[in-house]
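Fit chain B to the given chain A structure using the hints.
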Amino acid sequence: MILSLRTPLRALSSSVLLGLLASGPALAQEEPKLPVHGWARVDADTAPIGRRAWVGVTFPFSRTTALAADVMASTTAAGLDVGPTFELGALYLSPMLGAEYSYTGTPGVAATLLWAFEAPPLPIYLESWTRATLRSPFGGSNEIIWQLQALATLRSWVALGPEFDAVYAESGQRRLGLRANFGLTKHLVLGVFAGYEFDAAARAASIGVGPDWLAARGTINFTY
Amino acid sequence: MQPRSRSLLTVSALAGLLMGQASCAPRPPYNWGSYNILTGPIPAAPVQVRDVDMERKDYERLRELGQEWFRSGAFGSERSISDVMGVFQATVEVPCASGQADCYEKKQVLSYFFEAIDRLDGVAGNLFQGNGGPEGTGYTNDLVLHFPKGTRLHGSVPVPEELHLGLDVEAGQFLPIGFAPVPAPAGETDNAFLPDLSTLGYPDAPKGGMRLRLACAACHYSLDVDNDGKADLRSAELRYPTPGSPYKPSDAWGVGNHDISFGWLFSLAENPILGAPVLAGHIGSKKPEDAITFMRWVLGNYKKRPDDVARAVVVGMLAQPRGYADVTTDGIYNPMQLPTLYTRRAWPANSDGAQSNDSDRNNTVWTGALDFTGLIGLCGDRGSKVHLPWEPPTIFDDLSCDEFADLMTRYSPAVRFKPELQKKYVEDILGTSDGVPGMLDPHSVVVMTTPTLPKAIAESRINLDAHRVRTPADYGGDGPLRGAGMAALGVRIGIEERYVAELKPLADKYKLDLDDLMSDSVSAALDWMDPPANQTALLANAADLVARGHEVFRAAGCEQCHRGPYTTDNIIHPLSADPRVQFGGPRAPTTAGWRVLDRGVGPAIDTEPQRSWNTRNVRRFLSPAYDPATGLAYRASGALQGFMTVQSVGYKTTGLRYLWGSAPYLHDGGVGVGLRPGSKPAGDDLAALLARAGGPDVIYGMGELLSLSEPDPRAGARANAALSLQALVLQSERRKVVTSNQQPHYKLWAGSPSTGGGENPVTAVSMASMAIAGVGHDFYIQDEPGGADVTALVAFLLALDDCPRDLPGKPSQGDCHTPVNTASK
Numbered sequence: 001m002i003l004s005l006r007t008p009l010r011a012l013s014s015s016v017l018l019g020l021l022a023s024g025p026a027l028a029q030e031e032p033k034l035p036v037h038g039w040a041r042v043d044a045d046t047a048p049i050g051r052r053a054w055v056g057v058t059f060p061f062s063r064t065t066a067l068a069a070d071v072m073a074s075t076t077a078a079g080l081d082v083g084p085t086f087e088l089g090a091l092y093l094s095p096m097l098g099a100e101y102s103y104t105g106t107p108g109v110a111a112t113l114l115w116a117f118e119a120p121p122l123p124i125y126l127e128s129w130t131r132a133t134l135r136s137p138f139g140g141s142n143e144i145i146w147q148l149q150a151l152a153t154l155r156s157w158v159a160l161g162p163e164f165d166a167v168y169a170e171s172g173q174r175r176l177g178l179r180a181n182f183g184l185t186k187h188l189v190l191g192v193f194a195g196y197e198f199d200a201a202a203r204a205a206s207i208g209v210g211p212d213w214l215a216a217r218g219t220i221n222f223t224y
Numbered sequence: 001m002q003p004r005s006r007s008l009l010t011v012s013a014l015a016g017l018l019m020g021q022a023s024c025a026p027r028p029p030y031n032w033g034s035y036n037i038l039t040g041p042i043p044a045a046p047v048q049v050r051d052v053d054m055e056r057k058d059y060e061r062l063r064e065l066g067q068e069w070f071r072s073g074a075f076g077s078e079r080s081i082s083d084v085m086g087v088f089q090a091t092v093e094v095p096c097a098s099g100q101a102d103c104y105e106k107k108q109v110l111s112y113f114f115e116a117i118d119r120l121d122g123v124a125g126n127l128f129q130g131n132g133g134p135e136g137t138g139y140t141n142d143l144v145l146h147f148p149k150g151t152r153l154h155g156s157v158p159v160p161e162e163l164h165l166g167l168d169v170e171a172g173q174f175l176p177i178g179f180a181p182v183p184a185p186a187g188e189t190d191n192a193f194l195p196d197l198s199t200l201g202y203p204d205a206p207k208g209g210m211r212l213r214l215a216c217a218a219c220h221y222s223l224d225v226d227n228d229g230k231a232d233l234r235s236a237e238l239r240y241p242t243p244g245s246p247y248k249p250s251d252a253w254g255v256g257n258h259d260i261s262f263g264w265l266f267s268l269a270e271n272p273i274l275g276a277p278v279l280a281g282h283i284g285s286k287k288p289e290d291a292i293t294f295m296r297w298v299l300g301n302y303k304k305r306p307d308d309v310a311r312a313v314v315v316g317m318l319a320q321p322r323g324y325a326d327v328t329t330d331g332i333y334n335p336m337q338l339p340t341l342y343t344r345r346a347w348p349a350n351s352d353g354a355q356s357n358d359s360d361r362n363n364t365v366w367t368g369a370l371d372f373t374g375l376i377g378l379c380g381d382r383g384s385k386v387h388l389p390w391e392p393p394t395i396f397d398d399l400s401c402d403e404f405a406d407l408m409t410r411y412s413p414a415v416r417f418k419p420e421l422q423k424k425y426v427e428d429i430l431g432t433s434d435g436v437p438g439m440l441d442p443h444s445v446v447v448m449t450t451p452t453l454p455k456a457i458a459e460s461r462i463n464l465d466a467h468r469v470r471t472p473a474d475y476g477g478d479g480p481l482r483g484a485g486m487a488a489l490g491v492r493i494g495i496e497e498r499y500v501a502e503l504k505p506l507a508d509k510y511k512l513d514l515d516d517l518m519s520d521s522v523s524a525a526l527d528w529m530d531p532p533a534n535q536t537a538l539l540a541n542a543a544d545l546v547a548r549g550h551e552v553f554r555a556a557g558c559e560q561c562h563r564g565p566y567t568t569d570n571i572i573h574p575l576s577a578d579p580r581v582q583f584g585g586p587r588a589p590t591t592a593g594w595r596v597l598d599r600g601v602g603p604a605i606d607t608e609p610q611r612s613w614n615t616r617n618v619r620r621f622l623s624p625a626y627d628p629a630t631g632l633a634y635r636a637s638g639a640l641q642g643f644m645t646v647q648s649v650g651y652k653t654t655g656l657r658y659l660w661g662s663a664p665y666l667h668d669g670g671v672g673v674g675l676r677p678g679s680k681p682a683g684d685d686l687a688a689l690l691a692r693a694g695g696p697d698v699i700y701g702m703g704e705l706l707s708l709s710e711p712d713p714r715a716g717a718r719a720n721a722a723l724s725l726q727a728l729v730l731q732s733e734r735r736k737v738v739t740s741n742q743q744p745h746y747k748l749w750a751g752s753p754s755t756g757g758g759e760n761p762v763t764a765v766s767m768a769s770m771a772i773a774g775v776g777h778d779f780y781i782q783d784e785p786g787g788a789d790v791t792a793l794v795a796f797l798l799a800l801d802d803c804p805r806d807l808p809g810k811p812s813q814g815d816c817h818t819p820v821n822t823a824s825k
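First to last, the protein sequences are chains A and B. Per the numbering used here, the first sequence runs over residues 1 to 224. Per the numbering used here, the second sequence runs over residues 1 to 825.
In case anyone wonders, no lab produced these hints; they're calculated from the structure. Quick caveat: nothing in here was measured; it's all calculated off a predicted structure. Please note that the accuracy of each hint is not assured.
[Stated by the list, open to error] Partial pick of chain B residues on the chain A-facing surface, computed with a CB cut under 10 Å: (1) 579; (2) 587; (3) 644; (4) 645.
[Claimed, not checked] Here are some of the chain B residues that sit facing chain A, going by a computed Cβ distance under 7 Å: (5) 586; (6) 589; (7) 592.
Glycine included, C-beta positions come from ideal geometry on N, C-alpha and C.
Pulled out of the complex, with its shape left as it was, chain A reads as follows (with noise of 0.2 Å):
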């Protein structure tokens, strides 16, 4: 186990080291001072994971990677997850390695696979989130979260279509519903989701407010 935790590190370790070599002769040309970015987000959530807040942060290292790192606080743990971020094209990816600790005092791994794809003007927007969380080693139980989003970028403050979402754990959750993201500012998100949940077991722990099959989520996210 021990083998299985470190060989991802390694991985990411290695990844990180090819980043810096990858960009290395950037700095030596003395690139343009990229910017340090920070972004908070804060989701409420109809799901018994209730509220959850992150802050986090990336440090440039070229024009297209960036280290990136994270705290995250939610009403039943919190943690921490770092790793690089990539720019390809239309694409960006972040895979990340984290680990949390539960209210409760079980601790966990996650490994989190973050990326989203944009090709203005183009008015399509896909975001997905995987988060994978080790807890059994510790005496907790393992969980995957996946949440995905197809959007349709109708302006530059609305984007609006489907999200699913996943949670594959002792208690799961199965949701498809509709979401909509508006640009409050430039730098301020609210996103909404609406949808109905398949999981009979989610159904019955929701914490919402309206009938049992309905899932929501409301989304603040504000980047700097």
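Then chain B, alone, in the frame of chain A:
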């Protein structure tokens, strides 16, 4: 799977991702290391063509040919200039000598044109007898035509008594720089519309029909090297240096014609309607819909009300500011200053980087600007056939090729002379008769199938038989990656027949493609040039000030983009952080805060958004990805490249050498501050000059400066380099410029065009409405006008010339330019 295998797989996958990332990532600029422009050399142009080393004598001959061609070559554009445009062949109405009211005589402009040149040396009648000779006084940087009071054009457009064309004439010449005579070939019929100069009454004038050729130098040379409105040289020819002038003849090359009036140049043509899609339009609006409305009115009326249309087009053209050129084919006013041409190690070409390299730049200019009829490639059933849904409409969307060709030719001198000739000219322009669109000499060009030239014409029998069909792959190197950009209008320049004998041996000797060698010779001539040395008294004994200015320049971060000896990183910086401007469509509001957008290409320039409309799709879908360190393309263009990579759309970092002579500033020439005519001269105290900012004798913005200079550009107000640079780098000063540019200070000589649509006539507009706002490049230092930092910074910027370390009043520290071939790619 074994843990080791899994580990290997994971590492391999990540390595693959990194490699993919590396291939998609924009490449970094050239590494100039710790180069210091005040102590380091300025590398000379390599003695090479396309990376092939040449013997010096061959290289120098090639360069000379290029320079000669730049002055007089045009691949046969004389037919378009004379037969279709009828340059200087307009007819003006001159009040009758009797003084009777409403009595006018019609006179050809051509006689006033030659009279003005003849008059330059003070001796009448010797125009074709040497005109005072190459060492005489018959030269000017601003040719002035004299018309009788009350002269008018197209029935109501007033013609000034002193009409400043802004063309330069060298001593002893009978034509301005950039114009060349081409006698009609023996045996040519149907050419009686061509002027016969022997009928003008000058002894020894050439007999027979004469065409005029328009070459690059008309717009890019100036005998007024220091941009003070007065000629500094009597000739730009190396063999005729000007005694007493601090400048060399070659200093006149590539500085840009500061005073040329495109408006009058085209308005004095017999067929001004030709220029409607480029130079005229709806004054005061930057909306494409208004441009389309104006163009539809032109198209709807040019057959039945040609005089009204010609008048409206001319009135619109006359709004073009002096010293600026509107090269956008959109019916919207967005002129730019005529650029300097210090092209060494500057790529990609053009201010927006839409042209991959020098040869593609040359090609586009020569096939679309020297021969305006080449713009046929933009018509509705060729280049504008596919309208990308996110783009604003254009005037070409519903302009068929047949209609466009008809518009160009219907009132041309040739067709006025003999209407039956129109069919021949239309077919020539369309390319259906000779396989080559436009009116360039088909023997001097080749063709490619592109969106602007259908395969049926490009690969027609006539072209196949003439071995004139090319593909990008035929050019080798990065040609295949440059693709359609190699022949933007379907035509690529080959070689003029008169140069074949000299160029072919060079092509054979160095195994160079003969097709491109003519263009290469011009590129070599441009790359060879260094800007003239600044002689201003403001920099006398200012070595310490300049050095401190360099420190300010560095501390402010300017050197991050304006780097190396040529002060450019060769990177295209985005026009705007707003993707709607950059790409034509919005970005989705996103909750993926971890993404870092727009970090790759530096800060946005943030200038007028419509500046991106004409070329953003060229940049994204036609221009290949390029290496800013070498200028070479490394990834082909196309839809995949356009959508899947975020290639920035904006402005390439401008080189700063010759800032001292090229005010006003920014790509639109909008940042101009000048001294009021008659006020105290600039003097030799830079800090004191800059401290005059805000005073009553300082004029902010280009509207008032241009209006004051129009009656006589030689004596009127001009943008002062030092004051304008201060406004470039001090926010408080820039605000004054921008505010002034937003006011209706720019006086329209002939008012605004009337299309009978109930427009409100205006006599003055704001420069901002002409897309000369002076906004963008918002990078400032903190100081007060005339303060220590800004004075030092301005001194440094003024010192950026051929050798920044050599200042006036200070002994030269030796040759600034390193031996050849050290700057090889």
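> Minimum Cβ distance from residue 586/B to chain A below 7 Å?
Replying inline: holds, 3 Å
Fill in: Hint status (Cβ of residue 579/B to nearest Cβ of chain A, threshold 10 Å)
holds, 5 Å
Hint residue 589/B vs chain A: min CB-CB distance below 7 Å? holds, 3 Å
Does the interface hint hold: is residue 644/B within less than 10 Å of chain A, judged Cβ to Cβ? holds, 5 Å
Item checked: Hint check: 7 Å Cβ-Cβ cutoff, residue 592/B to chain A -> At 5 Å from the nearest chain A Cβ, residue 592/B passes the 7 Å test, so the hint holds.
- Query: Does residue 587/B pass the interface check with chain A, least Cβ-Cβ distance below 10 Å?
  - Reply: Nearest chain A Cβ about 6 Å off; hint holds.
- Are residue 645/B and chain A close enough, Cβ to Cβ, to be under 10 Å, as the hint says? holds, 4 Å
Of the numbered hints stated above, none is contradicted by the structure.
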